[in-house]
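> Heads up: the protein sequence lines correspond to chains A and B, in order. Heads up: the first sequence at position 90 corresponds to 90 in our numbering, and the numbers run straight through without jumps. Here our numbering runs 189 ahead of the position in the second sequence, where the first position is 1.
Hints may be right or wrong, so weigh each one.
Using 16 Å as the maximum straight-line C-alpha spacing, the simulated EDC-like pairs for lysine to aspartate or glutamate come out as follows [to be verified]: (1) A/Lys102 - B/Asp236; (2) A/Lys167 - B/Glu230; (3) A/Lys102 - B/Glu239; (4) B/Lys331 - B/Glu237; (5) A/Lys167 - B/Asp324.
What the hints contain is simulated information worked out from the structure, not anything from laboratory work.
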Amino acid sequence: MILLQLFWSFIQIGLFSVGGGYAAMPLIQQQVVDIHPWLTMAQFADIMTIAEMTPGPIAINAATFVGIRIAGLPGALIATGGCVLPSCVIVLILAWAYYRYKGLTLVQGILAGLRPAVVAMIASAGISLLILALYGQRALPARLTENLDLAAAGIFAAALFVLRRWKPNPMWVMFGAGVLGVLLYSVFP
Amino acid sequence: MKNPETQTKYGTLFLSTLQLSACTFGGGYVIIPLMRRKFVEQLKWIDEQEMLDLTAIAQSSPGPIAVNASILIGYRIAGVPGALLTALGAVLPPLVIISVISLFYAAFRDNRIVSLVMKGMLAGVAAVIANVVIDLCRGILKLKRALPVLVMLGAFVAARFFNVNILLIILVCGLIGAADTLRKRGREAGK
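Construct the entire structure; sequences and hints are all you get.
Take a look at the structure:
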């Protein structure tokens, strides 16, 4: 039964992808290209490109895309449901434990230790994103000026300035950066 | 949903999550500054420290960070029904968008305007994350203690330069925090 197979595959993807987007990619590939003949490698590459161009988690994007190709809208719903089911269960248990025990001195100590680490993780993810935005690749080039996308650097600097100076809603800054992107790259191709 | 007040709460919760999820370009982490703006600064439903705690839980649980963070907020504001509501709100935008795009995905993938918008937005998203990191770092420095700063630098180096697994970093930093608390408590008892 194809719907059950979809459900089970995406439960595994949801369950084993810890740490966000790019960590989930090889898992998704294994399930939908290697184990099941649901997508060709070229289609998989396409959906990863589209996932980066659209909002939402990569795993959910892949679930919807694969589901709809294999079994139409019910397939998309089943695959997406499978993908978030492990999260729902595990996160709810942890949330319950957090609110029940966060008053304990020891738990407060643990949380105080975690907070700086969380800031570090967000910083690290932000730097990866900045490198991707400025150089169009995931690794820093040998020389920092090599292949530097000046338009992207300008947008980054302008957006950060606006955010620090006027504290607008970040959503508008993101969309503004998108519009600025079209203008700048059209003028300086 | 008995009285209008709870109804509004559920409505705000659902619509906010829907809106935030529709804006999570460039990976799940961008939901953190967006949620901080909405739930900490605008609605004042949770405080900054709680937001960081929820982020720690969201990123050390399996599944997408944006979905996990949404479930946590929903649970905090309205229990299990709230969590199911925000899970739905987080999943619907990508579900609808990809369903529509799957009809003409080759045209979308090859569209020049779309890819230019994305290039610009990526730089904008990087700025949004940089902005929140500056605020959060200031919060850590304001504690005026060496340990949190060292933990922050250590965790950053481990994640960035040594690709240490996130779960391991979370575990070690939690243990450091626990040890620090026990040490402080021991010192107070010894006085």
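> Let me make sure I understand: some of the numbered hints might not hold for this structure. Which ones are they, in numerical order?
none
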